[in-house]
Amino acid sequence: MMLRNLIFHILIFTFSLATLAQEFPPIEYFSNSAYDAENQNWSIAQDSDKLIYVANNNGLLEFNGARWKLYPSPNKTIIRSVNVIDDVVYTGCYMEFGYWMHDQYGQLVYTSLSDKIKDQLIEDEQFWNIIAIDDWILFQSLNRIYSYNKFDHSFKIIDSETRLTKMVKADGTIYFQKFNDGIYKIVNGKGQLVTNDPIIQNHILVNIFNNNGQLLIQTQNDGFYVLNDNALEEWDTPSKTLLSQISVYNSIKLNNGSFALGTISNGIVFITAQGEIDYSINHSQGISNNTVLSVFEDSDYNIWLGLDNGINCINMNSPFKLFVDVNGNLGTIYTSAKHNNYLYLGTNQGLFYKKIDSADDFQFIEGTKGQVWCLVEHDNTLFCGHNDGTFVVKNNEASLIASAQGTWNIKPIKDVLLQGNYNGLNVLEKQNGSWSLKHKMRGFDISSKYFDFLNDSTLFVNHEYKGVYKLLLNDDLTEVIKYNNDSTIQKGLNSSLIKYESDIFYAYKDGVFKYDIEQSTFKKDSVLSQLYDDTSYITGKLIVDETNRRLWGFSNKNINYVSQGQINNIKKINTISLPHKVSKMMIGYENILHISGEKYLLGTSTGYVIMDLDKIENKEYAISINSIKNYGIKSEKRLIDKSNNEDFEDGFNNMEFTYSIPVYDKFLEAEYQYQLKGLYDEWSEWTNETNILFKNLPHGNYTFNLRARAGNIMTNNTVSYSFTIKKPWYITNLMIVLYTFAILLFSLFMHNVYRTYYRKQKAKLVEKNAQDLELKELENEQQVMQLKNEKLQQDIDNKNRELAISTMSLIKKNEFLNNIKEELKQVDQNKDLKPVIKIIDKNLNNTDDWKFFQEAFNNADKDFLKKIKSKHTNLTPNDLKLCAYLRLNLSSKEIAPLLNISPRSVEVKRYRLRKKMNLPHESSLTNYILEI
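For the sequence shown, the working numbering puts the final residue at 1033, and the numbers step up evenly by one.
Source of the hints: derived by calculation from the structure; they are not laboratory data. Idealized CB from N, CA, C, for every residue including glycine. Check each hint, because a few of them may be wrong.
[Said to hold, decoys possible] Quick list of the computed label-pair ranges, beta carbon to beta carbon:
#1 Q221 with E718: 44 to 52 Å
#2 N817 with F842: 47 to 55 Å
#3 D150 with T212: 45 to 53 Å
#4 T636 with L555: 29 to 37 Å
#5 T212 with K270: 51 to 59 Å
[Said to hold, decoys possible] Quick list of in silico lysine-lysine cross-link-like pairs, DSSO-like style, CA-CA up to 30 Å:
#6 K735 with K778
#7 K177 with K251
#8 K939 with K892
#9 K541 with K470
#10 K279 with K151
#11 K685 with K592
#12 K700 with K767
#13 K1016 with K939
#14 K982 with K892
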């Protein structure tokens, strides 16, 4: 027993070594968090639309290439089996089996079949397998096989006294194993013994295959056997010893005739049709878990693994194979070379090698620890450009021949080698069969990462941060005679400079430029600039494949190469879908090596990729709308029938579409483009999003168009869905008719209103005009009256002026006479003067003056004397005189001459007049008279 275990561990270790350095197909990983269900996945199937279905502990998983959807099992138990037959999805779980079909909304709806025979089920039955044959669907539990007829819906039951371990289909026949009994086949609805060989009695059946006309029986723990005359014979293959030491849980025969074995603890094992071990993939080499519960090959030859923890998809037919440096021993690969049947990898950790096409692990070459920049083969010698200098590599040894630090690249010129270093340019020469550093080229000390010769004396050097330099060299390459920075081209990050087909090319973000010798300037090359554009640019790195006359370039989502026709030599751009984020190549340090035929090696930050151009094919994919949802602002989303166009109410103007193409290739990126006619006619930008929401759509007719591409290949169809957002109720056709009718009625009503209104307005206008005419006449009369009044006022003013003049004249005259009188009185008495004084007195008391004044006063202030006489009848003529003078607002001093009395006497008169008028003491006599 101990010897057997020792042999087993030796075999497993040897097998692991054999696959350690192998390249494997790309693997897509789906963790339970990605599909949002439990870890274990028991069975896998696919329908004609390429949708994947997985039996999971939580229920049935559906995957459309973009998103996973979980449908809980009908009785909340683990779904153990799934199979798609005529696009109907059949499942089996604990005490339940039935089928799922898509409804008009694109959702799976379950129909139970076991309910029809519920009373016939055995307690605790679980259904582990589903197979179709003719018109029958067979459901296998560990106790029975239930056969369901799709047409008459009848059932047949095959019982077993022992445990039914497996049911399989081979050569159009259904086989099953009764444990500790034998293998049976179903004939006429009943089990018929095929073999009860002791080997099968003691081992669990995994599968049965038709192999070259013979039945190949696979056991769980003892490998393959061939059924020959009802007896089992060991299948004599190189893999028999290993297979007898591993436990296989399930297996399938692949489309190419080989076998894929899902093991309990050793991952997935691939066996050739001849029974030889091809390779295996376990957890340490790429798959998510070593326990493979189910294996399925889809229509594109991808291998799906239902694991104890997750789901994996192996792209078996991919043109890419990956070597992943799981432990990080290699580091990032910057360059590679094949030389003398060895494959060399230059990385940031040193130089590694292994035999080409061997399964050996890569070995480190001592003395090369550090950054390797380039590997160049010349004169049957392999040169290694290293951070520490330049090495010559022979098999597994490297010798330092030049210690000038940082050898970027090496190129032959004449009979020497020119290398670009951190410190400029250095020359290597061969003496006595050995290469060594000859000298540093004087006159140029700029780091020379990219350089190439236009001719023997002209060299171009590109520095990413300083630009392109044109150097003139002397004949013995000891000195740079002169150099200048080329102003016709801009510097650029991740730019490069190469020589291709005898021309110098410079590549950076604005395109690829070719040097025009005649005009000494760089001009944009219209063909090579198609290698990338502004949106896809990540690096200007160009690599020349001299063997196949190809020029390689790299963009964000593709690897591109320029090929030339065999006859017309016309350049053609070829595109290979390989997203940079998936390939994980180092930006600015992309590298590609021709291996053999159409195979190339691409160095990455995690290992390398082997690309086989012969395997690149343009697969056709079809896009489909998965679901359509409609909702209003305050309503829940509701699914819409995809097959029928629908009219939606105005408030329900939010539309959500989900869509996908079933792309399961790790290196193929699905992108989508949509158009909503009725809103905008332009197609959208390409996007990775698999749903689109249109919110608050205005009313109108819409057609949603959708197309996609996988990598660079357009889908073979464009899908559409037409719908209508109804008008709001207030602008429907009926309402527009009502609005029109209402407007007409309103117009008629308003016409009548306005006619009545204008008639009234006319009457009012006539009346108003008459009134205006009367007012005009009145105004004219008033103006005439005003003119008369003004004339009267003018007359009054004139009379007042006359009164004032006459009054002042009297005052002046009397003052004058009084003055003369007083002067005469001062003269000595003379009888001759008395007559004169009498004349003066006479003139002072002249009644004619008073009459003249009274007449002028009455003209200026009519009826005053009458009014005051009527109010105060006891006034004397002298009192009236005083009142008249006070009416003129004359002072006592001014009145005195008029009355020919002294001012004191005037005051006495004023006092007496107040008494006669009975004026209060505090009242002003003058004010009183002025107010009358």
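Quick rundown of the hints versus the structure:
1. Q221 with E718: 44 to 52 Å: holds, 50 Å
2. N817 with F842: 47 to 55 Å: Since N817 and F842 have Cβ atoms about 54 Å apart, the given range 47 to 55 Å holds.
3. D150 with T212: 45 to 53 Å: violated, 20 Å
4. T636 with L555: 29 to 37 Å: Check passed, 32 Å falls within 29 to 37 Å.
5. T212 with K270: 51 to 59 Å: For K270 against T212, whose Cβ atoms are near 24 Å apart, the range 51 to 59 Å is violated.
6. K735 with K778: Cα-Cα ~26 Å, so holds.
7. K177 with K251: holds, 26 Å
8. K939 with K892: Answer violated: K939 to K892 is near 44 Å, above 30 Å.
9. K541 with K470: holds, 25 Å
10. K279 with K151: violated, 35 Å
11. K685 with K592: Distance ~26 Å between K685 and K592 Cα, so the pair holds.
12. K700 with K767: Holds, because 19 Å separates the two Cα atoms, which is no more than 30 Å.
13. K1016 with K939: violated, 34 Å
14. K982 with K892: The given pair, whose Cα atoms are some 29 Å apart, holds under the 30 Å limit.
Hints 3, 5, 8, 10 and 13 from the earlier list are contradicted by this structure; the remaining hints agree with it.
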